[in-house]
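Novice: The task is simple: from the sequences and hints, build the whole structure.
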Amino acid sequence: MSSTIPRIIQLSQNVVDKIAAGEVVIRPVNAVKELVENSLDAGATEINVSIRAGGLELIKIQDNGHGINREELSIACCRFTTSKLREFEDLQKIQTFGFRGEALASISLVSNLIITSRTANEICASKACYREGKLIGQIERSAGLLGTTICVEKLFQNMPSRLAAFRQPNEEAHRIADILIRYSIHYPKISFSYRRLDGNGYDFRTSGDGDQHSTIKRLLHEKASNGLTNLEFNNSSLHFSAKICLATPVAIFTSKAVQTRNDKIKIFHLFVNGRSVESFRLQKSFDSIFTSRDLLCPFASFSLLIDPQRVDVNIHPTKKLVYFLCEDDIIEFIGKQIEKFVNETQSRQSIQINNLNEELKEDCSKKSNKNNRKRKAENEKEIIFEENEKNLNNLNCSLPSSKSSFLNVSSKIQSNSSKVAPKNKIRVDFLNRSLDEFVLTNEDLNLRPNSSVRLSLLKKVAFEEENNEEGVRI
1 MSSTIPRIIQ LSQNVVDKIA AGEVVIRPVN AVKELVENSL DAGATEINVS
51 IRAGGLELIK IQDNGHGINR EELSIACCRF TTSKLREFED LQKIQTFGFR
101 GEALASISLV SNLIITSRTA NEICASKACY REGKLIGQIE RSAGLLGTTI
151 CVEKLFQNMP SRLAAFRQPN EEAHRIADIL IRYSIHYPKI SFSYRRLDGN
201 GYDFRTSGDG DQHSTIKRLL HEKASNGLTN LEFNNSSLHF SAKICLATPV
251 AIFTSKAVQT RNDKIKIFHL FVNGRSVESF RLQKSFDSIF TSRDLLCPFA
301 SFSLLIDPQR VDVNIHPTKK LVYFLCEDDI IEFIGKQIEK FVNETQSRQS
351 IQINNLNEEL KEDCSKKSNK NNRKRKAENE KEIIFEENEK NLNNLNCSLP
401 SSKSSFLNVS SKIQSNSSKV APKNKIRVDF LNRSLDEFVL TNEDLNLRPN
451 SSVRLSLLKK VAFEEENNEE GVRI
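Numbering (full-length UniProt numbering), first residue to last: 1 to 474.
Please keep in mind that the hints were generated in silico from the structure rather than gathered at the bench.
Among these hints, one or two may not hold up.
[Stated by the list, open to error] When the alpha-carbon atoms are kept at most 25 Å apart in a straight line, the in silico PhoX-like pairs for lysine-lysine are as follows:
hint	residue 1	residue 2
1	K284	K340
2	K266	K340
3	K154	K217
4	K223	K154
5	K340	K243
Specialist: Written out as C-alpha cells, the structure reads:
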C-alpha cells in the first residue's frame, strides 16, 4: 500500500455524469421504464416498444404524444433539463412521472441515442443523434408521424463491466415485458405493444379499449385472470383512495414444491399516483391475510391515489420507491378492507358448497329411486319369463304329434343356429312369448283360456316344416 495520502479533488463532469447515469439506468428495463413514462407524460394513447437482444442492442419506443419542438432537441439530452419542473416546491404537487431531467441524459451517456419527433405545428419531423450526452452533427429534417420515436442502440457500450454482467438477454426481455404488462393493465385506455425483433419470446398488443379485465385475461395466465373482482374505498382522514383488482383466491398446500410453484405465479402490482412502485410492507401485509387462511391470491393490482403533498417520490434513483405520510395507518386500513372482502368471499363459497351438497343429495336420491324402479321392473320380467318357460314345458307334453313336430323344428333351428352365419339365422324370439300363442285347437286352448292365440304364425311354420325337411332360412 502506498504511503502517499490521496488528495481530495473535484471529479470531472464526464465522470460525474457517468456515475449518475449508472444509478438511473441500471439495466435495460430501467431505460424502457423511463422512456415509457415520458410517452405517458406526453399524452400518448399508443405506445409501441421493440427490442433486440434483451434491449442491449436496440430499444425502440414510438408514441403518438405531443412531440418535442425542433429547437428543444439541442438540449433534450443535457442533464437537469425538463419541461415538468420549475421550482423545488413543485415536487410537493408533482403530477408527472419525470421531474429530474436525467432520463434522456443518462441513457445517452451509455448508448447511441436517436430522437425523431414532430409536433402538431410542424410540417415534418426533426431527427437528432446523441452520444455520451452530446449532440452529434446537426438536427436534420426527417419523415415522421406526430409524436416521438426514440432508438437506443448499443446500450452500455462504453461500460464493458456492466455489459458483461448481462449474459442472459432473455431474462432482460422478460423484465421489459413485465413492466409493460404492469402499465398496460393500469392504463387500459392506452394501447401498448411489445415486440422482440430477434423473434424469440412473447409479443403482445393491447387494444386500449378501457376494459381492464379483458386486458388482464389477454396478458396473464388463466389462474391470475380467474374471477376478477374490483374493490374501491377511500379514507378522507388519511387523504387517500384505492382501487384494487383481485383474482379469486385459491387453496394452498404445505408442500414446499407446491408452495414454490405458487410463489412463482403470484403477481402483485402497485401504483401510487399512477407511478409503478414497490412496497414490501404492503405486499407482506396483503400476503399474510391470505396465508393465514391457507389461501393464495394469484393476482392483485393496487392503485392508490394519495394527496401529492403527502408523497415523496424523490428517494430512489430509479423512482421505484416512494414515501408517504401515515404509511402504517394506510396499510392497516387497506388490510382491514381486504380481510372483509376475504371473509365475505369465504362465506359465499360456504353457502354455495352447502347448496351444492343439497343438490347432490337430491340428485342421488332421484337416481336411487329410478334404479329401484328399474330393478323392480326387471324382476317382474324375470318372473313372467319363468312362468312362460313352465307353460311351454307343460304344453310340450300335451301337444299332438304335429305340434311336437313343430317344436322339433324349433329345436332343430336352435341347434343349428351356432353353425349359421348371424345374418342368416332364423328369428326364434317368438319362442319367448306366452305359450298360448302356439295353441291350435279348442282342446289345447282350455289349458290357458285367458291367453291370446296367433294361429296364423303357427300354421305358417307347420306348413313350411312339412314341405321343407331341411328347415327354413331367411
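Novice: So which of the earlier hints does this model not fit?
Specialist: Result: hints 3 and 4 break, sorted rising.
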